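So the chains spell out like this:
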Amino acid sequence: MAIATERIRRIGGCALLVLIAIALIGHPERLDTSIEGWSLHLLISLIGPITALLFGIWFALFSGPIPVAPMPRNVRPFGFALMILSLFWFCWMLFESRPEIDGTHNPWWQHLTTSLLTAMIIIAGFAAAFVLVMGDERMKESAIMSILSLSSFLLLIYLLAEGTTSDDPVFWRSASWGALGDLAGMLFGGGFALMLFVTFVWLGEKRMGVPDEVEPLSIDETTRVKEILKENLEGEA
Amino acid sequence: MVLGLVILVFIANIHLEVRGEVESVDISSRFVHSAIISFTMVNGALFMITLALSHKHAKLIEQALGTILAAVAGVLIFGLLVDSGMTVAGVATDVWSQFSMGGIRIIIVGFAILLAFGASFGLLLTLVTGRETPPDPLLELESASFDNEDE
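In order, the protein sequence lines correspond to chains A and B. Note that our numbering numbers the first sequence so that position 203 is 931, with each residue one more than the last. Note that our numbering numbers the second sequence so that position 106 is 361, with each residue one more than the last.
Chain B with its partners taken away, still in its complex shape (with noise of 0.2 Å):
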């Protein structure tokens, strides 16, 4: 149902942008850069975890040197596609534009996200603990009773 739903919401903006009702935007151009910076922001949040995690004993330096090289892959891809002119409309064509803008639009999308987290799940976790159920037989029971005759 979920994915029906998120591909009648793609099917919708299709057919509007077929029909040019839709401004003009590259999605495919917003996809790879959200994907790259992504990339980015998350092995460089990686790499500052690992280093506040990082200790005399742990052996840690495949991740750190690993996290760090990979965001500096990622910007680096990034500088390189929007030099080969692959940029986001709207915002000014140098790297550093385009980047902080990506930037920004993926904080704003992940804060969405946290939201709809929250929300859904918090909601959710209310209706659930919130059942009445009849109290546990076993608990009027007494306990360490070993003096019962019956035994």
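Chain A with its partners taken away, still in its complex shape (with noise of 0.2 Å):
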């Protein structure tokens, strides 16, 4: 509703965003009391590896030869550090510094973790296909592209096998486990609704029926158009 066109409803959307906001930001109670303000913490958490990548993706890739809005070209290998940086940032919370409050470990990380590593895997994996069979000469790209698919894939036996500093091995192949079920769920009961979803348009398309013909011109109309051609194609001949 907030991107309606129709003005009355886009401020509709608007406002119960805003209210959705306020909700969350005046919860009285700290998100460790409930499943799901652990889940806003989980978030919260992330901000910044999220926000380190998002930036260091923008500068790098304005900062390259491209002629929309370049960048100066020093920039680029600032961008690629800030990459670097969020990844590290995201081994460093994952080995030493689990998030957490008071003492608590957020029970949602190991859930995010194995599900953020196999979509890794699955589509940096499809990413390096595509870039070598549509690319020209994307040799280079491809490698890369495999190597963080099989850098996930190590990184994720790495965690089945030997786990962390806070975790068991048997919570992280646990959380695994479930993470296959979740993801192979959803993209089951995703597709199956999309798909019912093509059908009710199809439906809907099928029931609309040819449309009506069209009368042809009165005299009026005839005249009307024959003055407009006339106007303007007058002196073209």
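Only some residues are given here: those of chain B computed to face chain A with a beta carbon under 7 Å:
id, residue
1, Leu-301
2, Gly-377
3, Gly-385
Label-pair restraints from in silico Cβ distances:
id, chain 1, residue 1, chain 2, residue 2, range
4, B, Pro-390, A, Asp-896, 50 to 60 Å
5, A, Arg-735, B, Ile-266, 48 to 58 Å
6, A, Leu-878, B, Thr-388, 22 to 32 Å
Keep in mind that the hints were calculated from the coordinates and are not lab data. The model shown is predicted, which means the values in this text are computed figures rather than measured ones. In this text, a Cβ means the ideal position worked out from N, Cα and C, and glycines have one as well.
Build the complex: two chains, separate frames, hints provided.
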């Protein structure tokens, strides 16, 4: 609703968004008192590495040889440095500083990490294949994407085998096993919902029927059209 | 390669579960719960998008009615499954607790997928656009110069 073209509806959507934000900010209890609060805490904990990643991509992308909104060329290494910082920040959180509140670890951390690594294996792997098939001699880019995919796989296997300082491997195994079920379920359920939606659109189009025949122009309309054509075509012949 | 890696992760987990090294995680319940909750959430989101895009000339009754009914059907089926005993371990066994916990789990997985997409394709876009190419020789030619004596 917040992006609707109609003004009243857009205002209603924005008002709803503001109310949701107020409800979140004005929540009277601590984040560690509910499982929903913990999920919000997890997102807040990841603001640092995500911001570094996004700024890194932005700097490196727009300081390259592109014609759109270019930045100075010497900013590009800084962009890549920010991306590497983001990676190290995430690894530091993973191995040394798991998100916590007053000594209580965030219960969603392992679920997010195993889902992220599994998704990274799939997405970076397909990106490597995509750039190799569609691109023009993109061997280097494909190799980097493959390395990203394989590194995520090895990191996930390491977590399953060795765990981290704060968590025994058995918890990582359970989280990974559950995340696989969730990912497969999401793929199936979400895909089925989209297929159903396409069916509804098709049914709607089918029921719409053939539009009525358009009446031929009346004498007045024909005269008017001729006048307009004459005005516009005068002098071109 | 990608499918091979995912299958390897599956095999590693199955192997560990058979050896009893994994806490009891009923993957089939997780799969079914995630599928139904995803189905409900996607239909709910599509219903809201349909409402946001509707106007007096649009005939979206099939879409609106279909998506809301599908979302309601998803909730009903989920309730029936939970009442019949198909629950996820570690959560209270009432329908709302199971649904809300499943919903948060799916939102977090969705966030992880979004993050993986952003990181992978952001890096890929950066690398792809970073290639230096020689300038196009056509750009050095004069444009709209019809006074060339050779013609």
